[in-house]
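Asker: Protein chains in written order, with the working numbering: chain A, 1 to 385; chain B, 1001 to 1461.
Everything labelled a hint here was simulated from the structure, so no lab data went into it.
Remember, predicted model here, so these are calculated numbers, not experimental data.
Even for Gly, the Cβ is constructed at its ideal location relative to N, Cα and C.
Treat the hints with care, as some may be off.
As the list claims (entries may be wrong) - A few chain A residues facing chain B, derived, Cβ under 7 Å: (1) V288; (2) G292; (3) E306.
Claimed, not checked - Here chain A is said to cover these stretches of chain B; the calculated rule only asks that three of the stretch's residues, wherever they fall, bring their Cβ under 8 Å from a Cβ of chain A: (4) 1395–1402; (5) 1436–1443.
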Amino acid sequence: MRVVVIGAGIIGAACALALVERGAEVVVVDRLGVAGETSSRCEGNLLVSDKAPGPEAALAIASNAMWRTLAGRLDADRRDGQPATEFEAKGGIVVAFPGGEAALERFAAAQRATGIRAETLDAAALASAEPHLSPEVAHAVRYPDDAQVQPSNATQALLAAAMRHGARLVVAEVTGPIGGPGRIAGVRTATGAIPADVVVNCAGPWSAEVASRLGARLDIRPRRGVILVTTPMPQRVFHKVYDSDYVGAVGSGDAALQTSIVVESTPGGTVLIGSSRERVGFDDRPGVAPAGAIAAKAVRLFPFLERTILLRSYFGFRPYAPDHLPVIGPDPEIAGLVHATGHEGAGIGLAPATAELVAHAVLDAPTDLDPTPFLPTRDGLRETA
Amino acid sequence: MTHVAILGGGPAGLAAAQGALAAGARVSLLDEGDRLGGQFWRHHERLTDPRLQHGWHRFERLRDALARGDARVHVGASVWSAEATDLGVRLRAVVGAADADARTAVDVEADAVVVATGAHDLALPVPGWTLPGVTTAGAAQALAKRDGVAVGRRTVVSGAGPFLLPVAQSLALVGSDVVGVLEASRITALAAGWLPRPWELAGKAGEFLQYAGGLARHRIPYRTGSGVVRVLGDERVEGVVVAALDADWHPIVGTEREVACDAVALGHGFAPRLEAALALGCDLRGDHRGRFVVVDDAQRTTTAQVFAAGEVTGIAGADAALAEGAVAGFLAAGGALGDPRLRGPVTARRRARAFARRLERAHGIRPGWTAWVDDATIVCRCEAVTRRAIAERADVPLRAMRLATRAGLGPCQGRTCGRAVEAIVAEAGGAPASVGFDRRPVLAPVRIGEVAALAATDPAT
Ligand SMILES: Cc1cc2nc3c(=O)[nH]c(=O)nc-3n(C[C@H](O)[C@H](O)[C@H](O)COP(=O)(O)OP(=O)(O)OC[C@H]3O[C@@H](n4cnc5c(N)ncnc54)[C@H](O)[C@@H]3O)c2cc1C
Ligand SMILES: Cc1cc2nc3c(=O)[nH]c(=O)nc-3n(C[C@H](O)[C@H](O)[C@H](O)COP(=O)(O)OP(=O)(O)OC[C@H]3O[C@@H](n4cnc5c(N)ncnc54)[C@H](O)[C@@H]3O)c2cc1C
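This is chain A alone, in the form it adopts within the complex (with noise of 0.2 Å):
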């Protein structure tokens, strides 16, 4: 079975891993490179804490599993010059401010029934967990299995692997399909045709243009999120701190300026704080508006941040669907072409289920995650965004 996987970010990479190892002849192509775009643009969390009950938890709750074996794996077998993946299962704690208390208790509530462990803080704990803490924090919930890989190398660490294994790497723009209408056979690039028996669209945010160029119609956009970087410092963050005002972000669909916070530290010494949610396009000028609204929260969770200097920021676009769930299966109109993408702001975390996905309905791979509720066949991809 020939394969051609669009896109080298972590879905991308992880899939061709999965494939290869299951025996596809995989080429994996893509305008850049390995991790030129969204997967070097993010963070590399790893959550179940902000996965409210439903398949998207499911899928959360799975990958998460995978990723600490994975990570284990891709790290063991690094070849020289090779990064690598820095996974790390440092926990998160979930914060409220007054009055938020009884919404953050009922969502973890919701989240235990679900298998999530999520464990209630006293003062004492949370003050001995994260001493720096604002001590205005009214509650605290700490997810233990909350972990994180660096997105980059995690992704170049994942396609390495895939390649050690045979896949091959093209760097070329995709700009249409090989075959007929109603059923692929490949790829047309900018450098030449690349024949295949399936073609996996990960290409991102872009993968509504690309389904386009390909004949198939899928509705991905693109929501700008940015993350500030500050300089390196003794560390004072010891666990990926959140404020649970992201509790409903996440799922809305409001276009205007959003921003739900995550504090942590880098083995570095920086310390990382994204992030915002914008519906704006492709546009590439976040401007200062997001990193204030940033700021100000993070402030507020840790006041010592006010004067830590801002060292950078960078910002990224998250791939997601109307109903803001990934989309992962056969595309209902074109045979021989999968879907892997909208994975909005957890990609990362989603890949290697998402892999297993792929696998599954490229190759029939056996698992034992339901397919049924990311299929592109389903309902909710036809609403409008």
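With chain A fixed as given, assemble chain B with the ligands onto it according to the hints.
Answerer: Showing chain B with the ligands alone in chain A's frame:
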């Protein structure tokens, strides 16, 4: 009345302010330095030796024009954000020392802006360049000019370009023994750049003769086709290895010799400070060997109401910066290019640009320098990233390479190493990047609390 913001108070920015005032505008000028003057007229009211200053009267006239006109001058003001808006431009700055308790926010909204952010000097990596005692030529110059301090007792000055001459002279005047000035370019390149059409050089020739005379007076040898290819020492600089360089700046095997010294000043050229122009959406030209803001005859960039002048448009020296600034300021204020008052600057600009072409022909960085950098040489000093680490990741997109190696992710954000890293990537077969390391959305260090303050005041957030 038109309001013109000017970002940078060096020769270009000062001339732009004067031009904008002459055309009837109101001016706000911001510079992060404690004093106006930029790199060229860097000074200290008490400590600076007047023999180190050139064209000081011109500076005083420009400063006076600002003082007399309808101008607000903000010194010590780091501009950390520049945005093009529907109405014009908006600059945000903080005033005050980095460790001050409270700093003031300065928010300038203007109809147009002149970006005159200048350049910083560029030192290419050399094995051993992380030893204490190695500085950039610009830092050595700044210490000498502003504080009257010499970087060492026995200093070797190495790199390329006429800038090495005033650096050596300043070092000599503040009491360092300058062992030699090593110019990487060969005499043939220098001749090709400098000998044709000598009449274009009118004023410049005098300046060089003055510097050359200074070197001779201090008995400082000037050697062409030569450079420091390794810095020696355990704890700090104890000497250097000097080699002859071929036309491409490859060290010539067998010509190496050791020279004892306790300080090295490296200056291989200049890198413009492009982040403000990029934040304003201006197009650039060039590649990792040199990227500059695209401007037309009116010094207009590709973004409406954004003008650029000085080293950001090309490395051409202070005269060019002054001429471009005058044009940019006058036009940003709504003046016309054909105005008789611009005749002088337009002529001076033409002459200065011819000078810039010569400069590039004679002294422009040649690709062979990477041959003196070995695998273990640290290229990104902030994150201690070696040449080998960078070359091994050259085949991935620049963004992914940076995250994998951490090159350019440290406190200087690639300001020091960006060009060198890009050159090593290019040499190892990596794909060229359109703006490389030059995009820095946070233009200057700012506190999270100061950014947060926007949320309280700005209705947009
Ligand atoms: C600010 C921010 C923070 C985030 N934080 C997290 C987080 O903490 N945890 C988490 O799990 N997720 C996070 N995400 C989401 C995550 O980054 C994305 O879901 C994920 O990176 C998407 O990966 P991808 O492979 O689908 O897309 P991409 O990484 O964008 O890859 C798509 C690739 O397709 C290529 N391509 C596009 N068009 C073509 C074409 N025509 N021909 C060839 N190639 C093409 C592109 O070059 C690109 O390399 C965040 C996102 C943002 C923006
Ligand atoms: C280190 C150094 C030393 C030099 N010494 C000499 C010399 O001795 N003799 C000689 O002939 N030439 C010298 N030059 C070259 C000469 O300085 C330039 O030709 C000339 O100064 C260019 O003028 P400019 O106005 O374009 O830039 P500059 O003089 O560099 O002025 C730019 C100004 O913009 C300000 N700025 C930039 N970004 C920001 C920001 N975000 N916020 C606030 N302010 C900002 C800077 O503080 C600076 O004052 C030197 C250059 C450098 C880099």
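Asker: Work down the list of hints and note, for each, if the structure agrees.
Answerer: For each hint, the structure was consulted:
1. V288: V288 (chain A) check passes; min Cβ-Cβ to chain B is 5 Å, inside 7 Å.
2. G292: At about 3 Å, which falls below the 7 Å cut-off, the nearest Cβ of chain B leaves the hint on G292 (chain A) intact, so it holds.
3. E306: With Cβ-Cβ at 4 Å, under 7 Å, it holds.
4. 1395–1402: holds (count 5)
5. 1436–1443: holds (count 3)
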